[in-house]
Amino acid sequence: MSSVTNISRRGFLDGIFSAGAFVLAAQVLPKNAWGQTQEYAGKAAAAAFHPSIYLGIEPDGTVYIVTHRSEMGTGIRTTLPMVAADELEADWKRVRVEQGIGDKNYGDQNTDGSKSIRGFFTAFREAGASARVMLTSAAAAQWNVPATECKAQLHQIIHTPSGRKYGYGELVAAAAKLPVPKPETLQFKPKSEWRYIGEHAPNAQQIVDLADICTGKAIYGMDVKRDGMLYASIEHPPVMGGKVRSLDDKAALQVKGVHQTMTIDTFKPPYAFQPLGGVAVIADSTWSAFQGRKQLKIEWEDGPNAAYDSEQYKQQLLDTAKKPGKVVRNAGDVDAAFASGAKVIEASYYVPLLAHATMEPPVAVAEYRDGKVTAWAPTQNPQAVQDTVAKAMNLKPEDVICHVTLLGGGFGRKSKPDYVAEAALISKQTGKPVKVVWSREDDIRFDYYHAVSGMYHKAAIGANGMPTAWLQRSVFPSISAMNDASSMYGFDVEYGMGLNDLPFDIPNHRAENGAAQTHIRIGWFRSVANIYHVFSALSFADELAHAAGRDPLEYQLAMLGPGKVLDLKSQGVANYWNYGEPYEKYPFDTKRLRRVLEIAAEKSGWGKRKPGNGWGIGVAAARSFTSYVASVVEVEVDANGRIRIPQVHQVVDAGLIVNPERARAQFEGAAVMGASLALSGEVSVADGRVRQSNFHDFPVARINQAPRQTDVHIVESDELPGGVGEPGVPPIAPAFANAIFAATGKRIRELPFSKQKLV
Amino acid sequence: MIKLTINNRPHNFDGDPAMPLLWYLRDDLGLTGTKFGCGAGLCGACTVIRDGEAVRSCSITMKDLAGKRVTTIEGLSPNGTHPLQKAWMQANVPQCGYCQAGQIMQAAALLRKKPRPTDQDIDSAMEGNICRCGTYQRIRAAIKTAAKEVA
Chain B
359 MSSVTNISRR GFLDGIFSAG AFVLAAQVLP KNAWGQTQEY AGKAAAAAFH
409 PSIYLGIEPD GTVYIVTHRS EMGTGIRTTL PMVAADELEA DWKRVRVEQG
459 IGDKNYGDQN TDGSKSIRGF FTAFREAGAS ARVMLTSAAA AQWNVPATEC
509 KAQLHQIIHT PSGRKYGYGE LVAAAAKLPV PKPETLQFKP KSEWRYIGEH
559 APNAQQIVDL ADICTGKAIY GMDVKRDGML YASIEHPPVM GGKVRSLDDK
609 AALQVKGVHQ TMTIDTFKPP YAFQPLGGVA VIADSTWSAF QGRKQLKIEW
659 EDGPNAAYDS EQYKQQLLDT AKKPGKVVRN AGDVDAAFAS GAKVIEASYY
709 VPLLAHATME PPVAVAEYRD GKVTAWAPTQ NPQAVQDTVA KAMNLKPEDV
759 ICHVTLLGGG FGRKSKPDYV AEAALISKQT GKPVKVVWSR EDDIRFDYYH
809 AVSGMYHKAA IGANGMPTAW LQRSVFPSIS AMNDASSMYG FDVEYGMGLN
859 DLPFDIPNHR AENGAAQTHI RIGWFRSVAN IYHVFSALSF ADELAHAAGR
909 DPLEYQLAML GPGKVLDLKS QGVANYWNYG EPYEKYPFDT KRLRRVLEIA
959 AEKSGWGKRK PGNGWGIGVA AARSFTSYVA SVVEVEVDAN GRIRIPQVHQ
1009 VVDAGLIVNP ERARAQFEGA AVMGASLALS GEVSVADGRV RQSNFHDFPV
1059 ARINQAPRQT DVHIVESDEL PGGVGEPGVP PIAPAFANAI FAATGKRIRE
1109 LPFSKQKLV
Chain L
204 MIKLTINNRP HNFDGDPAMP LLWYLRDDLG LTGTKFGCGA GLCGACTVIR
254 DGEAVRSCSI TMKDLAGKRV TTIEGLSPNG THPLQKAWMQ ANVPQCGYCQ
304 AGQIMQAAAL LRKKPRPTDQ DIDSAMEGNI CRCGTYQRIR AAIKTAAKEV
354 A
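Protein sequence lines, in the order shown, are assigned to chains B and L. Position one of the first sequence corresponds to residue 359 (the working numbering), numbered consecutively onward. Position one of the second sequence corresponds to residue 204 (the working numbering), numbered consecutively onward.
Chain B with its partners taken away, still in its complex shape:
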């Protein structure tokens, strides 16, 4: 729900709109999707006026739409404005998109959780429709005719009986004086008249940054330059929580171009979004800063995390997963079923730490002056920039201005603004604008990693080969440790991603979470806990299918049972997270999951070719971020164990899809990222130090390793919009592993596959 306000004469947004512009603001109730955003959401809710959208029309007819979400490759900077432009009947050629700064008045700005369309579709629609109604009323008043005789069409209001026309610009002054229509009176355009949005849009548009990207003109955080700017490169403590014991910077200071060094304090736990600490080398160019840094001589006091070894930790997770843990879902009596003498199958699974490795490493420019900071950052979370910088420098959040640049990839890493606080601290120290540039090595070694996890599954098999009991345990260092250093367990967000909402129709079902300590920064990574939960659960389902001698796809459908809305409460799930959405609005409906599986069977030609002899096909389906996805992966494994992926099918029911072209791109990319983490993604740690450092030892999929062809099949739907950025990732790894089993008979229960011998 949103409400639209006329702010034409309230002097907001200086610099975007002129004094004569007609400007509407739409307010959205703040989302409360992630634990850590509660603080921001609370502040936004408390603000007297917190519009999420600004839409304005200048007297020359130019429409400005301010987008407050960050562009990291999903196309959201174009897609949300398209929603408003469509309802406004605006001519897209006359629409300009402006990027909003960080401001709590916008409500939630953290571009994560695949929630931009879910959270803001209605508000952008209402903003556009309100402006259209007001322009129509203004024209009708000038002609002295009923508004019902007038219609909006491509930047004009037309009086239908007489054919008279006004351009939008001509109506701005009059429309700005009108009251805003009540939301309940708004009539939206019928779907058949959609111009820019939806599957059949006749005037679908490309992303606004396309030409700039293809000509090198697009400005990312890495490209920001300020007059007199210095460049800094930071040697972080190699072990999380470590401190500088002694520093010898004499040689560093002798490097040409190096101005000074600066010790940055190590964070006080919990680590949250705080800088890691370390020593910055500040110079007049990036290269000089890098060169100077190589000459630093630092002795570190590593602290307790120096004992962290990822091999030992892996064993701990897997051992813990074999023991009873905290129960997060419980239906029937699994123990009785296991004791009944039925056939029992069990297996352990493992997924290592993963790095985001955005193509643009963390980077930020900050300028401190007179108690205020201006930052330019590729950030998913500009309000967290304000809060984090303010906290680090003893300022008020409103004293921090955060300009949001394009992001060279985000994937969750750039929701955490530690690197922006570093730039601000160094700017204050030097009195100059400062750009902090992380090297790729910094990025791989000092990420907020996707959690490592150990899983254990056990099932009792009934007479027909179907499971009568399902026990699923998951052990992982929780993201909640970010804000609570003592945290040993996951929280509802992590449980709600494939641990307590597995949709299989099994009478006895228990899910548990075992305890794990955190020794390294953990954070969300595209699709988050779904990666390991869906990998283990859908691999295990495939194991059960093969044990029963049944077709894996048909077996997955049988495990889902008849289509229905899941009643998780009756299964002992007290607080199902549901991706931050009310369950009545976004129920978990297994009919939709069945449907994407059935379409996947048809589109992939499932069952037509017999697997074996180095060719295999695998399937997995999951709901995440309120969208339903089935992935089919075909593999070829040659005599040397080399794996190729000739074909992937992604079948998607994400409800109403506003920008199907960009949605397809997201699901193509998700297939590559899913394949990449399955094939070769692994971060390992010895003596508390990350072993990997760059793309030679943290390989990501290249053109010759990525799926050769990914076909995305969109289920046309009028259901409420679901997420599209993340849901394409989770089913890929299990479908891939299942395909390898079909091809080779080798069951892979640990990622990455590159560590397994296939022949």
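Calculated from the structure, these hints are not laboratory results. Please read these numbers as outputs of a predicted model, since none were measured by experiment. We treat Cβ as the ideally placed atom computed from N, Cα and C, and that holds for glycine. Errors might be hidden in some of the hints.
[Claimed, not checked] Listed next, the stretches of chain L that the computed footprint assigns to chain B, with coverage defined by at least 3 CB atoms under 8 Å from CB atoms of chain B: (1) 227-238; (2) 338-347.
[What the hints assert, rightly or not] List time: in silico BS3-like cross-link candidates among lysine-lysine, alpha-carbon distance up to 27 Å: (3) 601(B) with 786(B); (4) 206(L) with 583(B); (5) 266(L) with 583(B).
Starting from the known structure of chain B, arrange chain L on it as the hints suggest.
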């Protein structure tokens, strides 16, 4: 003093001869279309063309550029009209876009040598250019579209 040509304009460089070309382009000349991705020649985000060959500007030092001609994304065509740029836009290749200048420059060098590249040619030429968003199948399609226009 090192004399070189960048995007058809002469330049004289008198800084640290060990500095990679990448930082001269980005920090000194403000040609920020060429991106920093790994600093080790592993990702291709910094790809430019030197005397017709695609090279990683993060790993080529200024002292190796005396008398050389360098083309960056900014100099590939006057108005973004190179067949590859047109094909990239037509296929909606970019997602975040950060790697795409490097991808386009790498593909431009490929098409100079092989105007009608096979899938194998594309794999060999492009495997050094990482796209973390996973736009590879569109990159492949766009190269083929551009090749048709060139041929």
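Hints, verified against the model:
1. 227-238: holds (count 9)
2. 338-347: holds (count 6)
3. 601(B) with 786(B): Given pair residue 601(B), residue 786(B) holds - Cα atoms ~21 Å apart, limit 27 Å.
4. 206(L) with 583(B): At roughly 26 Å apart (the allowed maximum being 27 Å), residue 583(B) and residue 206(L) satisfy the hint.
5. 266(L) with 583(B): It holds: about 26 Å lies between the C-alpha atoms, which stays within 27 Å.
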